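Trainee: Single-letter residue listing:
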Amino acid sequence: MSQRRYVTLDGNEAAALVAHQTNEVIAIYPITPASPMGELSDAWSAVDRQNIFGTVPDVIQMQSEAGAAGAVHGALQAGALSTTFTASQGLLLMIPNMYKIAGELTPTVFHVTARTLATHALSIFGDHSDVMAVRATGWAMLCSNSVQEAHDLALIAQAATLRSRVPFVHFFDGFRTSHEVNKIEQLGQDDIRALIDDRLVRAHRERAMDPDRPVLRGSAQNPDVFFQAREAANPFYDLLPGIVQETMDEFAARIGRQYHLFDYVGDPQARHVLVMMGSGAGAAEEAVEELRRQGRPVGLLKVRLFRPFDAAAFVAALPASVRALAVLDRTKEPGALGEPLYQDVVTALAEAWPASGGASGNGGLPQVIGGRYGLSSKEFTPAMAARVLEELAAAAPKRHFTVGIIDDVTHLSLKWDPDFSTEKPDVTRAMFYGLGSDGTVGASKNSVKIIGENTSLYAQGYFVYDSKKAGSVTVSHVRFSPRPIHSTYLIDRANFVACHQPQFLERIDMLQAAEPGATFLLNSPHGPDTVWDQLPAEVQQQIIDKRLKFYVVDAYEIAHRTGMGGRINTVMQTCFFALAGVLPREQAIQQIKDAIKKTYGRRGESILRQNYAAVDASLEGLHQVPVPAVASSSLRRLPPVAAGASDFVQRVTALLIEGRGDLLPVSALPVDGTFPTSTACVEKRSIALEIPIWDPEICIQCGLCALVCPHAAIRMKPYPLGELNNAPAGFLSRSWKGKEYADHAMTIQVAPEDCTGCGVCVDVCPAKSKEVVRHKAINMQPKREHLERERRNYEYFLQLPDVDRTLVNMDTVKGTQVLLPLFEYSGACAGCGETPYLKLMSQLFGDRTLIGNATGCSSIYGGNLPTTPWSVNAEGRGPAWSNSLFEDNAEFGLGLRLALDQKRYHAEVLLRKLAPELGDELVRELIDAPQETEQELAEQRQRVAALQQRLGRLTSPEAERLSAIADVLVRRDVWIIGGDGWAYDIGFGGLDHVLTTGRDVNILVLDTGVYSNTGGQASKATPRAAVAKFASGGKPARKKDLGMLAVSYGNVYVAQVALGANPAQTVRAMREAESYRGPSLILAYSHCIAHGINMETAMTHQKDVVQCGLWPLYRYDPRLAHDHGHPFHLDSHKPKIPFRDVAMKEARFAMLARSSPDEAERLFALAQKDIEDQWNYYEQMAGVERDIEQQMREVQA
Amino acid sequence: MSVDLSTRYLGLELKNPLVASAGPLTGDLETLFRLEQAGVAAAVLPSLFEEQIEHDEREIHRLYEYQTESFAESLSYFPEVADTRVGPDGYLNQVERARKSLSIPVIASLNGHSEGGWTRYARAIQDAGASALELNIYFVPTDPDMTAQELEERYLDLVAAVRSTVSIPLAVKIGPQFSCLPNFARRLVESGADGLVLFNRYLEPDIDLERLEVVPHLVLSTRFELGAPLRWIAILREHLTASLAASSGVHQPDDALKLLLAGADVVMMTSGLLRRGSAYAATMLDGIRHWLEEKEYQSVAQMRGSMSRKNCPDPAALERANYMKALASYTAPLDAGPA
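In order, the protein sequence lines correspond to chains Y and F.
The opening residue of the first sequence carries number 1 in my numbering; numbering runs sequentially from there.
The opening residue of the second sequence carries number 1 in my numbering; numbering runs sequentially from there.
These are calculated hints, taken from the structure and not from any lab test.
None of these values were measured; they are calculated from a predicted model.
Wrong hints could be hidden among the right ones.
What the hints assert, rightly or not - Label-pair ranges, simulated between beta-carbon atoms:
{"#": "1", "chain 1": "F", "residue 1": "Gln37", "chain 2": "Y", "residue 2": "Asp1158", "range": "17 to 27 Å"}
{"#": "2", "chain 1": "Y", "residue 1": "Arg774", "chain 2": "F", "residue 2": "Asn311", "range": "51 to 61 Å"}
{"#": "3", "chain 1": "Y", "residue 1": "Ser1075", "chain 2": "F", "residue 2": "Leu209", "range": "40 to 50 Å"}
{"#": "4", "chain 1": "F", "residue 1": "Tyr202", "chain 2": "Y", "residue 2": "Gln189", "range": "56 to 66 Å"}
{"#": "5", "chain 1": "F", "residue 1": "Tyr202", "chain 2": "Y", "residue 2": "Arg561", "range": "29 to 39 Å"}
{"#": "6", "chain 1": "F", "residue 1": "Gly129", "chain 2": "Y", "residue 2": "Asp1158", "range": "52 to 62 Å"}
{"#": "7", "chain 1": "F", "residue 1": "Arg211", "chain 2": "Y", "residue 2": "Ile965", "range": "55 to 65 Å"}
{"#": "8", "chain 1": "Y", "residue 1": "Gly517", "chain 2": "F", "residue 2": "Glu115", "range": "43 to 53 Å"}
Beta carbons are placed, not taken as given, at the ideal position from N, Cα and C, and that holds for glycine.
Generate the whole structure from the sequences, applying the supplied hints.
Mentor: In structure tokens form, the structure reads like this:
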């Protein structure tokens, strides 16, 4: 028997370890929160880690989950052991194949991180709505409740599927289990080997498709036999529960941990029992233990094998004394009599209780109530579990209820006691508030590993991230305990709270979770003598009231001094160990250093040395702060949103921003997921340390700074000179250069609290001082020195009148930048390469645009609560935005177009019908007037206003119908937006189809060449030789040429653009695409942190990317495809820089040159050939005459 | 009768005085082998740059840490590559392989950055088997509060620290910018240098007039640079018993001969070999040999230093007079013109 060891890892790794060991073909596709299982498998195979059969599993990335399921199906049919990992919509995409795989009795296990299905909104978090949607597929469903179980049951599922031939969904809760780091006992390879029976593997192979013994499978059947054939598999399902239990018993005999189909814990004479599955069982078990200590006869039944549901085993697992059951479902099935587990329990009791001789006092069935909890990772605590058990004891318990929310609409919710706690005094409960960029989470994970792997203590870490990519706040919840930790809920009684960023104290009520007498550690530039006066009064009062032990350390100073830059993780971790007393101080420091070596050893000696130096310097900088008796500060915590925000924002958005969204009752939320736009402007996050400051004397008014700003945080506006009369002191301006706005002044203004400090604007600024060349027209300067003045200036700037759109020259870059952005202050990464395109689109067309947005980065920074950057102009017009799914975005966008066209068609029919009453001329103009220019659009809006007035005087049904749709007579744009993962991979089929419809849609692909949102997995847009996840050895194949595929249709407008390389070409392409009344496709080069580049200079770097030929610029305009026209126009020059020279400036390529120089040489050479071949092809295309029949559907009736 | 070209440098017995100095040709095993075939007596490998190592380590570390653990859907952005080849291992392997493959001495070169770095890497280079170590020291002072003495002390401390760490022969390569070179040279030797390499050539700044950016670049040396090592080797020879290597401006056999006459133990070449190819080393040696034979010298040892300041007929010509005379010769025609 192998030596088993204790390791600390998360649920994903725990499951993937077994999956990789027991499979031969692994088809993967990224989806949160399952992506790490695929990434780990890919990484292990990349370093030739072998499975138990002595081979390295073949890990292949597919174009979608549907593709992954298809590939697995095929691999299984050909006799390999095969698996995949997924969640949520991904699992839904696998359903068709799942029916097939089960119908063919094929052994496999899909490992699923159970995640919310998108309904009124997408959610990446955990519940059982996805797995419940596959309960009819014929798959066995086995649920793990913890990290250890995710490891153990992964093996039990694999062993049982081979024994039973029934495929398994092995699932565990997304994030709560998949991302929780916990100390577990790792199975040895021979443990895994022992459970997998070679004879069964052989039997699987013998059933495989093979020309030496050919069979037909997947036939089409007729009414005569299909039914019988479907019933033929029944015995396999009948035997399955027994097989699973046998496997569990065998596992227990070897390993020592005993599982059952249903595991009961609690009072053997319990009268009230909870029934549930998933991570919530950890919290529920703690509640049961606590209530039993109080003498309550309660218990918990954990469901492990949900399908097939073994009614007899279920009843047998219950104590005979049980009188009432509360079944908790982590899903919602609107309209059903109850959620799935509830319904199964009711049915099981009805069928099996009498037969079991159910020993209830009067022989009747126990009462059953059912409730929902924990949707989208909503907290589920022991207090909530206790409340449900209390409900069972009530005289008339609610038959259907919810717990964990306040339902003031249908009043289903149970009110729980927030003071009920099961936390034990000997457990260290620490919370660390940090920024994503300061390394707090990494250090917390390290601390969990240090304790988990080097001491007898148990350790648990769970990490909460906010929805922003730039300046995101992280909260690490860490427990150390002498006992295994099953506390599957956040800490709300911390005995240690660390604030790694002093500015958080102004915005976050972090000491609310500190228990009396706890330790509070603050990173602050202020020393122990002065820091007290820097705290908001609320914080001072909490420290006094709770008698907190208060410590301060200047972690940034120490980090800077020791070469760590902004990474304060090591300093704060050292201080934590010094204060928390989990280990003796000397031992702790040695352990930290050992962990540093383990974590960063591969990064080089200098990295280790600076970390060691930071450890050594930390303790001398750590000071206890004497706490005065009274709070004396004049500082107050800042309000979450600015005064004057709308009622909805004040009531709802403000709480979300404060992190108190859990307190909102049901009535506060929209019933259908509809939210107001223009809300990012209320969220002043103030995350930049430096902001751009304008020097008007040098400025040449080119507008590039505003154009490239990813956050619309630097803007240009001309305004009448007279406006300056009321300007605040220090408001800078100069005369407008140009004829459009004679006698106007202009200002370039920073939004100081919305800027992320990325510095891209300064990098692209071409105007340099004649005397001091490094001084430009804008320069990054410390925010604290400018904040007050620039805040005033920006307020003034915003209220200056916006330009009249009908006067703007939109052919120039400068012209576009005086237009109001209707996309502002997004939470995208600092320096994001995607958002400038969206902002430009919003400036040009936002007031008449509907947006269908594919799931991905742009849907997250575009539509993740609490706020949205999509905004409105002074008239209240702006982009209407919606996200349907990842895979269907082109079709969704087409649907928007179809509806608009149909409505316009209907409006024209009604106009003609009502012409006698409305006036022939108005009707004719409404139908026929051109709407190409801003002037023409403005005139049409006036006509529609006049129409509405006249309709108001009419009473006919036609008039009412027309009034409802008349707005569509003003031209509407449809923009279909998404990344390359959508356009090239999962959504390509739909995108391709939409291009063939001839309909007027504009497709904007923000092409980063990777799945950026899920962390940089390769897509078909990934260039050859680039290192990405799922392509860690360098992408072997050439990038797909999506643009030329579209060009091949002839009647699709296609452009390839790069804003940083040629902004004028980007503007031109966007305007041409929008003006073309057929399908348009714009491929927009978008740099991304996953390229491994300096984000500050990334816009400028795009010039190199174009000049080396990696991204040629072109436009294909079908309107030129007639009379010997040349519709394909190359906008960039022949490549003049070697690919290698540019590649070595991007880590995605340069890393390959480091790690595999020979392979890099080979792939770089191939990439250079790709470039030359592509250029050659494009050059020839530019000379080709086309004569394309215009196939656009003309809307005119 | 054949001329004895052998010489001693840093205590190493060399078959001739031609050494390939640090450059692209000595960074590759194949070209090193060709240089050996062409007859060079020793080769100095390109420098291990501590600053570069640390820069690479920091950049890779930053790449892996940047934006990680910030957002729930993307806890990282790059796959962990098994071997990013940071640190000195690549260089040390190169030293080891060169030593094993070549029969000529292999001199490693080190450019340190931190106090500990010089000694740590010097020891590692010795352990990798280098025949000798050349310290490539440069420091561009920008602080007006720093005195020349302080700067020199910095060099001396560093040499002493490395000397106390390694036992292999130690050369120090410096630039010509010291105000009192003979004194400084002697103190370098007293601090533990077995020889001096005169002189280092630096990356020179330039300005791009279009972009208004400073663009550093390295140009190949020309014969006009020969004067500096010639002068200072001639002057230093009488004061130092330590080895002297001439570097900068050696392009033809005559250049080498002049430096040997001035007192150099070896002459080093990079630019000349880069321009003409590694086989040119044989031409150089033929030229040296031919001159010695023609002038009936028996050995390099015989002629080495015979034109040093001490031994040359007109020592003043190596000093200020050299400049005065040049001026005089240019102005003479005017003064002496027809009345």
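Trainee: Now tell me, hint by hint, if it's right for this structure.
Mentor: To see whether the hints hold, each was checked on the structure:
1. Distance hint for glutamine 37(F) and aspartate 1158(Y): a CB-CB separation of about 26 Å, consistent with the stated range 17 to 27 Å.
2. Roughly 53 Å separates the CB atoms of arginine 774(Y) and asparagine 311(F), a value that falls within the hinted 51 to 61 Å.
3. Between serine 1075(Y) and leucine 209(F), the C-beta spacing of about 42 Å keeps the proposed range 40 to 50 Å intact.
4. Tyrosine 202(F) and glutamine 189(Y) have their C-beta atoms about 57 Å apart, which keeps the hinted 56 to 66 Å range intact.
5. A hinted range of 29 to 39 Å for the beta carbons of tyrosine 202(F) and arginine 561(Y) is consistent with their spacing of about 30 Å.
6. A hinted range of 52 to 62 Å is violated for the C-beta pair glycine 129(F) and aspartate 1158(Y), which are about 25 Å apart.
7. Judged by the Cβ atoms, the range 55 to 65 Å given for arginine 211(F) and isoleucine 965(Y) holds: they are separated by roughly 56 Å.
8. Taken as a hint, the range 43 to 53 Å holds for the pair glycine 517(Y) and glutamate 115(F), whose Cβ atoms sit roughly 46 Å apart.
Of the numbered hints stated above, the single one contradicted by the structure is hint 6.
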